[in-house]
Amino acid sequence: MSTAVPFTMKGLDHVVIRCIDLAVMKHFYCDVLGGTMQEEDTEIGLYQVRIGAHIVDLMPVDEPSGRKGGPAPGKDGYNMDHFAIQVEPYDDDAIREYLTGHGVVLGSTIIRGGAEGEGPGIHIKDPEGNTVELKGPPDPAYN
Amino acid sequence: MTDSTPPFEMEGLDHLVIRCVDLDAMTHFYCDVLGCTVDRHNKEFDLLQLRAGNQLIDLVTVDGVLGRKGGAAPGPEGRNLDHFAIRIDRFDDAALHTYIAEHNIEIVEEGPRYGADGTGPSVYLRDPEGNVVELKGPPNPG
Chain D
-18 MSTAVPFTMK
-8 GLDHVVIRCI
2 DLAVMKHFYC
12 DVLGGTMQEE
22 DTEIGLYQVR
32 IGAHIVDLMP
42 VDEPSGRKGG
52 PAPGKDGYNM
62 DHFAIQVEPY
72 DDDAIREYLT
82 GHGVVLGSTI
92 IRGGAEGEGP
102 GIHIKDPEGN
112 TVELKGPPDP
122 AYN
Chain Y
83 MTDSTPPFEM
93 EGLDHLVIRC
103 VDLDAMTHFY
113 CDVLGCTVDR
123 HNKEFDLLQL
133 RAGNQLIDLV
143 TVDGVLGRKG
153 GAAPGPEGRN
163 LDHFAIRIDR
173 FDDAALHTYI
183 AEHNIEIVEE
193 GPRYGADGTG
203 PSVYLRDPEG
213 NVVELKGPPN
223 PG
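So the protein lines, in turn, are chains D and Y. Each step along the first sequence adds one to the number in the numbering used here, with nothing skipped, and position 122 is 103. In the numbering used here, each number is its position in the second sequence, counted from 1, plus 82.
Okay, the calculated beta carbon distance ranges per label pair:
1. D:T(-11) - Y:N124: 20 to 30 Å
2. Y:P194 - D:H83: 34 to 44 Å
3. D:A75 - Y:E159: 35 to 45 Å
4. Y:R208 - D:G98: 27 to 37 Å
5. Y:T201 - D:P45: 12 to 22 Å
6. D:R77 - Y:K125: 23 to 33 Å
7. D:E69 - Y:H185: 35 to 45 Å
Under the rule of at most 27 Å between Cα atoms (straight-line distance), these lysine-lysine pairs were calculated in the DSSO-like manner:
8. Y:K125 - D:K56
9. D:K7 - D:K56
10. Y:K151 - D:K106
11. D:K106 - D:K56
12. D:K106 - Y:K125
13. D:K49 - D:K7
14. D:K56 - Y:K151
15. D:K106 - D:K49
Every beta carbon over 12 Å from chain Y, so not counted as near; a handful from chain D, in silico:
16. A4
17. V5
18. K7
19. T23
20. V86
21. D120
22. P121
23. A122
Note that these hints are calculated values from the structure, not bench results. All residues carry an ideal CB built from backbone N, CA and C; glycine is no exception.
Produce the entire structure from the sequences given, and follow the hints as far as they go.
Below, the structure written as structure tokens:
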């Protein structure tokens, strides 16, 4: 009989995205979404963008770490469908206007189940086609 | 001229969604081995939401409603997610190694790594479909 899990999970810590054009991706995650470039490790090829409590790492596919994963992700066969970032406040009109101004591809806003409950979330595309959900706080009307 | 300040602040990650082939094998790994619990199963979208502490790890099968949109199943290359990290408490290196060996899981690499709250011990595992999951311990003191 197996022993119990010897640890407890606190939550997610970071996600590491394989990318092609680092400058464009940095612009999107930092200048558009408001992340902060925390550390740039050019030796291994890992660029850490702080997004609140957690980190989104950018890993160019033509730098040492990224090369290990082979070719760049394409239009299908990718392993992550999307990831979601909690944002506050969530004003759908203002978010749409702002992102449209930056030329971001916007999807629909629907009530989606997140880690803290049901609330509004908009799906957007980063410059390399990854789907990022901007997830608002849970809406009492749906919980 | 567009407004240069976002009308929101990012608080952190909420969830990530992994495309998979064998939902049973993946659920076994994330729940029975790593200790996630099923938060909800959205059958309309073939989306299984697993709780990992304060956030969620969602699984969609590539032949399901959502999964089909991403085309073929992920292969060994061309992935968009290199790896993701779960922050764990009670990082007991010896107990962790024993436990991982018991489940016949390969450790891809290990050592001190930088995470969202500082540098601390990490082990990297491969889930049944080749996704690399980092288990990240608390930051080292000092």
